[in-house]
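Peer 1: The chain contents come next:
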Amino acid sequence: MGTQTIMHELGNQALANRREYLGMAEVSGPVVAIRGIHNVGYNELVEIADGQGNTRLGITLEVAEGAAIAQVFEGTSGLALETTRVRFRGTPQTMPVSEELLGRTFDGLGRPIDGGPEAIGEDRDVNGLPVNPTARAYPRKFIQTGISAIDGMNTLVRGQKLPIFSGSGLPHRQLVAQITRQAKIVGEEAPFAVVFAGMGIKHDEAMFYIKNFEQSGAMERLVAFLSLADAPSVERLVTPRTALTVAEFLAFDLGMHVLTVLTDMTNYCEALREISTVRAEIPSRKGYPGYLYSDLASIYERAGMIKDRPGSITQVPVVTMPNDDISHPVPDLSGYITEGQIVLERDLAQRGIYPPIAGLPSLSRLMKDGIGEGMTRADHAHLASQLFAAYAHVKDIRALASVIGEEDLSPLDHQYLKFGEAFEQRFLSQGHDEDRSMEQTLNLGWSVLSALPPEELHRITEEEIRKYYGK
Amino acid sequence: MDEGVIGKVKRVVGPVVEARREAQVEMLELVLVGEHRLIGEVVRIQGDSAWIQVYEDTTGLRPGAPIWSRGEPLSVELGPGLVGGIYDGVQRPLSALRAQMGDFVSKGAQVPALDRGKLWRFIPEVKPPLSVTGGCIIGRVQETELIEHKVMIPPLLAGELFEIAPEAEYHVEDTIARLRFDTRSIDVALHQRWPVRVPRPYMARLPHSMPLLTGQRVIDTLFPVARGGVVVVPGGFGTGKTMVQHALAKWCDADLVVYIGCGERGNEMTEVLTDFPKLTDPRTGRSLMERTILIANTSNMPVAARETSIYTGITIAEYYRDMGLHVAVMADSTSRWAEALRELSGRMEEMPADEGFPAYLPTRLAEFYERAGAVRTLSGSEATITTIGAVSPPGGDFSEPVTQHTKRFVRAFWALDKQLANARHYPAISWMDSYSEYIEDVEDWWMERTNHEWQKLRTTMISVMQQEARLQRVVKLVGADVLPDSQRLILEIANVFKNAFLQQNAYDKVDAYSGAEKQYRMLQIIAELYKLAAEAIKNGAALEDIRKTPIFTEVMQMKYQYDNENAGRLSGLLEKAREALHGYTNDNA
Ligand SMILES: Nc1ncnc2c1ncn2[C@@H]1O[C@H](COP(=O)(O)OP(=O)(O)OP(=O)(O)O)[C@@H](O)[C@H]1O
Ligand SMILES: [Mg+2]
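These protein sequences, in sequence, are chains L and X.
Per the numbering used here, the first sequence runs over residues 1 to 471.
Per the numbering used here, the second sequence runs over residues 1 to 589.
If we strip away everything but chain X, and leave its shape as in the complex, we get (with noise of 0.2 Å):
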């Protein structure tokens, strides 16, 4: 695999190698530096000299090192196997880089990302002779039991395939069709490689029309994002992102997760590798761990390896959207991408603008946020990528430029709340400071869910907590004694659905997930409650009476007492909220 040596090391400065060229390199090439031949890429290349960021710890590399090409440039292994595995930031295979060197990752390990030693079945799907493109299916492998992988031409091959692989066990590496072109035969392999840093090629976008639900009744019916958006959860340490990340990852309806721990916690990633194989899909009913894919460069892990992880994440996504396949990808933190993209630039002493950030920040993040999408692929299925990336703001203060710049590029934006988190109100999303712009994409389809009221409940409740904020600045200098009833009806209503609805206990069983009904049912019941309250009201009840009724009591336990296969019995609830409250208004009027 070695193309001889390209040059020698003449500056190490961090994980940045300046090395002086002694022939041709390309820009993004793949190389190997110094004896223990640590990856690296070529990211700049200016007379004789060629700048190197290396992806693992540089200690003890000196200069006069002898630095080697790959012949390529950094590039993902795509294939079978993909499925329930944790990689490094470039694709290394963790679970068997710990069986190689043991507990902790040292340096000059290369194992290749998918297993040559496993064997799949594939199953033809195609006869010979046809004439075949970039991104044909040809055949399928059954990868877990969750996941039909079809095997696909690479991209930008096409010709006459005359020959493929009967049904039978393979390795990756194992040729299963060849293809002529001109007069040249091409053998394609159960795997193949693509360069992350280039987006996998589709035929064409498609409108988004269909939501990705995640089970957060705070994000599904407040702030929905559709299947091929793009959402940014911004938030202060230990306000929550992590957990909607995981959250998501749980419980969303993608087919195939992908999720990039990048500059985290070792222990965030442990946590999923541990609990995910035990969680089910409750829509399938298997291991959660069956549909997903780890990509963990955890802190502590070389930084320009943390700056490759998001590519290879999205890059895998795409393998897997053209497939035909959903696909979601949590990128927690892109902050710490872009940290790692800074401390790059300062060890190659480039032009810092905002915050010592390079200029190029905000087109790294539209590169990267632009790589999601609905899309019709090049074997003409409807396939999508929906990207939620955490930012981790200093200070917790968004004015900052990741997340400024990153909200030019997404369509929807949780906001994480540092007073809710401290009040112990999670998921933290602010309704005041969040959006999301796919309201209207996936409108028609809650609508035709819930008998067309999905919109006037939503805007019944947007309303009632807006006007709750407004009030609240009214009790914060008088208190709330002083407002007449009707106005304390807003401030109970607010508390209910905050409470009741908005608040979602992720480590509770039953209330960590909320299918489309139950939160429909819900948003309803507290709809409803209000209007018979404020009717009540109007008819000369007093709050105070109304509030000592049970089913207040009864609607702040509804998430708790009613699972997703039981939410149809929520409709009960409603009727006992109607009687409750008809009676009181007759009765008391």
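Chain L with its partners taken away, still in its complex shape (with noise of 0.2 Å):
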């Protein structure tokens, strides 16, 4: 297609590669592809200048003899095949680190949108490397985040990825806002640091969050990248990414303890099957690509700890499960990455019930090396064990009652219905600033627990019974 090579005779080694040609072959939705080129490489970065020379970024995603294939970031509105110039930059996607970065806006390629400067430091690619699971260490500190739900029953941890599986319409946004508020080491004072990436979110989602951030003080440890749902969608596929290659510099250059989170992953994997289509891929299920799980996993891997390096990566993904559907591929590929749930509820939100976070279905995996004795409380697993055991149970009971009516249930079954309700009121409610201790969290459950004849607890020893039941 009548392709020209703009002769840049750069003498410079490192520039040669910087290619530049006038015109591309095709543009189809947010990819296009460009012939008549050479020695471009894959999954390298893309310069896109219109015929007004404004430039966007894009990436190839496909190099072959003389032709590559590329998805534009800042989508391919306004871009004619004749007078598009292509530029290409011989690296990938990179992002500057530095620690001014903290307390600045972006956008999701990493460009200010705060009205302060161009964000400098090294330039680390955002694609990221695996870590070693040689280098790894194994997570084991418990976050306190003041709310029962989780810290009694799914115990988040330093390091852990724990995603929100939300739906439409639920409090995640503002569960998130107060995990961010009130997460803490307990006895511990050690740097910490917000990175935040929205992607696909609305302005006033953001504003939200913003605000949130501000109010709590913690403006100057947040950085933020925001790909809002009026940017194109491809930006959200590097707003991740961007977000925590500035969090892996924070943690393990730093030493910081990062908190991120990335909302909506669900907007995000829609990008992705939008490029997928684009490129006429085999799908697998609901249309997604077969390589979401791969690429879901590059992405919440990134979370952990390292041996000898002081800080960490904990990551609060928010999923929204599309019709509330927790085996829409989304929701279920991210649970096989994620270190477990927290699953909300819409029965519970109706109800009135904040948090409304789903008993059974919720997960902490790492839960169990993190609580106990001389980290939160020796009885903790048993009790958590017992609740949930016993919360399954009520729910058993509750179907049975709504066919056979509350009047015919057993004495023991009664019991077992108050004491969902005194569950449901007392401990998985809480106001949206109460900040609950893990003391506060393990009595309330002890004491909502006692709605049972002890014979009942079979999760719990003689001792802890006596110690804890009925005080």
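These aren't lab readings, by the way, just hints derived from the structure by calculation.
Keep in mind the model is a prediction, meaning the values are calculated, not measured.
Accuracy of the hints is not assured; some may be wrong.
[Said to hold, decoys possible] In silico lysine-lysine, BS3-like type, Cα no more than 25 Å apart, as pairs:
(1) L/LYS395 to X/LYS476
(2) L/LYS368 to L/LYS307
(3) L/LYS286 to X/LYS418
(4) L/LYS368 to X/LYS538
(5) L/LYS141 to X/LYS509
(6) L/LYS286 to L/LYS307
(7) X/LYS8 to X/LYS107
(8) X/LYS576 to X/LYS531
[As the list claims (entries may be wrong)] Computed from the model, here is a short list of chain L residues facing chain X with C-beta under 8 Å:
(9) PRO92
(10) VAL131
(11) ARG136
(12) PHE213
(13) TYR293
(14) SER294
(15) GLU301
(16) LEU363
Beta carbons are placed, not taken as given, at the ideal position from N, Cα and C, and that holds for glycine.
The task is to assemble the complex, starting from two chains supplied on their own in separate frames and drawing on the hints.
Peer 2: Written out as structure tokens, the structure reads:
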């Protein structure tokens, strides 16, 4: 397609790779094809300038002799085949990192949107590198969020990736805000930071979070990357990677404990599906590409801790479940990668319970090593397990009651129903600003459990019953 | 090692490279791609194109980049020093990589799997001259306290052994024997290489006769696996596949465990690396790491190397089997392997079959599981590989292709149930949906150790659980109160069986592992409790009263109260149960 090389005779070897071409062969959605080129690498940065000279960024998805296919992060609207100039940078997408980023807000590609100066610092490849499994340190320190349903039953651990599975209209925003406000390691003053990546979220939602950070005085510890709903969807694909590149720098170079909020991963996955569809790839479930699992893993696995380095990355991604369906590919594959999940339940929310954290499907897999004697309290594991088991039984009895009516239930069943009420109203429910200590949460757990006769508490030792039951 | 350039990169699509061929290449040949010399394998040849799957990140790879041949198929190094190690999917030693490149795995690193600098004391076991064939054991090396490493003639060699090294310390590359074949002389080193996609030969297949004891009650008692068997563990996310695999890796009575973390979490490998050295093998009292080999190709590591990781793992397992050992292989998760296959196939634009998986998925699955089995080795001993594969079905739906195809090639199925997991009933192995076809194979072994009661006790409890499932359907409609005591007893005993026997807390020191004797005695007590209570009820006693006898609470706690060394003391509890309920019947009838 009449592509011609604009000769850039650059003596410098490093710049020799920076080739510029005029014209493209094809534009289709966010994907462009360029021909008549050479020496272009896979997964490398492309600058695309439209007729007016406005530059956008993209990345090569496929390279072949004399041709490349690239996705354009900022969308392709306004691009004409003939007048577009394409420049191959010869490097992957990078993000400059430095301590100066704290307190700043950027777009998904790392360009300032807070009126401040350009980010400067050492350029890092946003794709990151896999941590060598032998270099990881196993996360063991619990983070107190002040929220009973989390601290008591789904304890969050420093370096964990624990997503919130939500549904449209459910209060995940409030919950995330409350977690970021209240999260702390009891008895430790360590440098911390919050890295926030907003993908495809609305402006007012982004403002809600930012305001929350401002109010809690955490603004100067925050780095935000916003790729809002009105930004081209492809930009979302880089946003979490840019954010995690900064998080890795803060955690592993500067030794900070970084809480990373990624919202909303479902929007991210939609962007991935869009690209895949344009490229006519063979889809797996619901049109998502077969590599969705690996792609998500390349994001989620960037949480964790590394031996002999003081910092950590804890991830709290938000995943909205389309139609509240937990088996939808996005929550499903997320659940297969993350270390548990906090599931929000519409039924609880409709009954006015906040936070509406579902009792049974929620799980924290790293909880076991972060709780117990010397960390939280010796009875914690048994108490949590008993609360889960008893609440599961409540669900069965409620199902039965809806068939045969409450009157015909046995006295024991009634006790379970009472426990269920107490559990939801007193243990689960709490105020948006209520910050409970671990001790309070555990005592509250015992207090609601005492609605059941001690013989029913199979998962608790007799000694624990003597010590805490009915107290 | 470079055999010269065999072609140039023509096209790069993620982990797949299409090459313009300039020389002869062979299918499955190992190649090095581009300036970083990324490791790759030829997976398709078509005219003057060759397709290569690349085991490292291809970012920055350009058309025109040269490709070199390594002159052999993708192979693993087999020799002393593997045990206790951790390798990626193409057997690069991760600890050594970390020492060389730091905390992150970057590309282009080439570190041999076996430490070249390490010395091993080789003790010859044969005297020349001797005519030998592949698999013959010619000496030994004490690899760890637990593993006596047999040094063998590589499978395809044969000839007259005319020289063997004296007992001394050697490097893995040193020659320790010389063979004469015709007029040629062949050096045999302290290590050998073997292509991962080719099963290592053995003399004959043998029938299964022994259980692989796992210490997990629901498995050993209800759904046992024989040594040399193959099992699949399917389950949605968070249902406990990894916990089952870890529990088996810790407690099963194999001589050696090869644990393949295939496309799963980095932290899970770290957990093994931190926990296993501290745990002791109940049979030998030695650290578990001394019998464990880890293959870790986590979900964020290159997808092509994930595809090979299970072959790397099973080849290593076969090598130790050939020494006469009983090896257990855990692959977590084979779904991630199948997805890697799908991704590579998609990038090569092959025709997809079910849900985008290539049509050859079932063949590949069958080939992998066939490499397990009980065999007579080339050197004449009996040895086994037992393979336990996890499957992660999308949405937890077992009707998907990987679960369905796998089911055809395995003989035991441990179905993990979301409902059980949600209620924190662990291990969440469903007693209704799981099965084992190894019961007959292991029956004799158990009968000999249980006064010939094993089958009777099992069937009693299985029947209780089946009746319970039926009764629960009624209960869901009308409540339990309308049932007669004899039927409510079924519910009660099922509940005891679930809580006291089937549930097993992997985090509890005593409960984590139950030896055969403890399992038998616990089973016996619960069956006896059932029998006696049923009699009492028949004689007119009320279930409510029986239920109040303290024996129920004691039975509920027995798994925590009696460790394996004191399992014999459970006979006391049995007596107590008899007394409690006998007395009951007489006093109250
Ligand atoms: N035997 C057990 N004892 C105690 N807890 C268990 C047991 N089995 C599973 N669990 C609990 O369930 C959680 C999830 O288990 P596991 O990680 O094995 O799931 P999985 O099926 O491998 O999930 P995924 O497919 O996402 O990897 C564990 O972190 C633990 O909390
Ligand atoms: Mg798992």
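Peer 1: So, for every hint listed, does it hold in this structure?
Peer 2: Now the hints, each set against the structure:
Restraint check for L/LYS395 and X/LYS476: satisfied, since their Cα atoms lie roughly 12 Å apart, inside the 25 Å limit. At most 25 Å may separate the alpha-carbon atoms for a hinted pair to count; L/LYS368 and L/LYS307 meet this at roughly 20 Å. This hinted pair checks out: L/LYS286 and X/LYS418 have alpha carbons roughly 22 Å apart, not beyond 25 Å. At roughly 45 Å between alpha-carbon atoms, L/LYS368 and X/LYS538 are farther apart than 25 Å, so this suggested pair is violated.
With a CA separation close to 21 Å, the supplied pair L/LYS141 and X/LYS509 stays within the 25 Å bound. Restraint check: the Cα-Cα separation between L/LYS286 and L/LYS307 comes to about 40 Å, which exceeds 25 Å; the hinted pair is violated. For the given pair, X/LYS8 sits about 19 Å from X/LYS107 by alpha-carbon distance, which is consistent with the 25 Å threshold. As the CA atoms of X/LYS576 and X/LYS531 are separated by approximately 14 Å, the hinted pair is consistent with the 25 Å bound.
Proximity of L/PRO92 to chain X holds as hinted, the smallest CB-CB distance being about 5 Å (cut-off 8 Å). Against a cut-off of 8 Å between C-beta atoms, the interface hint on L/VAL131 holds, since the closest Cβ of chain X lies about 6 Å away. Checking L/ARG136 against chain X: minimum C-beta separation of about 4 Å stays under 8 Å; hint holds. The interface hint given for L/PHE213 is violated, since its Cβ lies 28 Å from the closest Cβ of chain X, which is over the 8 Å cut-off.
Residue-level restraint check for L/TYR293 holds (minimum Cβ-Cβ distance to chain X is 6 Å; threshold 8 Å). Interface restraint check: L/SER294 against chain X, minimum CB-CB distance 5 Å, threshold 8 Å, status holds. With 8 Å as the threshold, the beta carbon of L/GLU301 comes within range of chain X, its nearest partner Cβ sitting at about 4 Å, so the hint holds. With a least beta-carbon distance of about 5 Å to chain X, the hint placing L/LEU363 at the interface is held under the 8 Å criterion.
Going through the hint list in order, the structure does not satisfy hints 4, 6 and 12.
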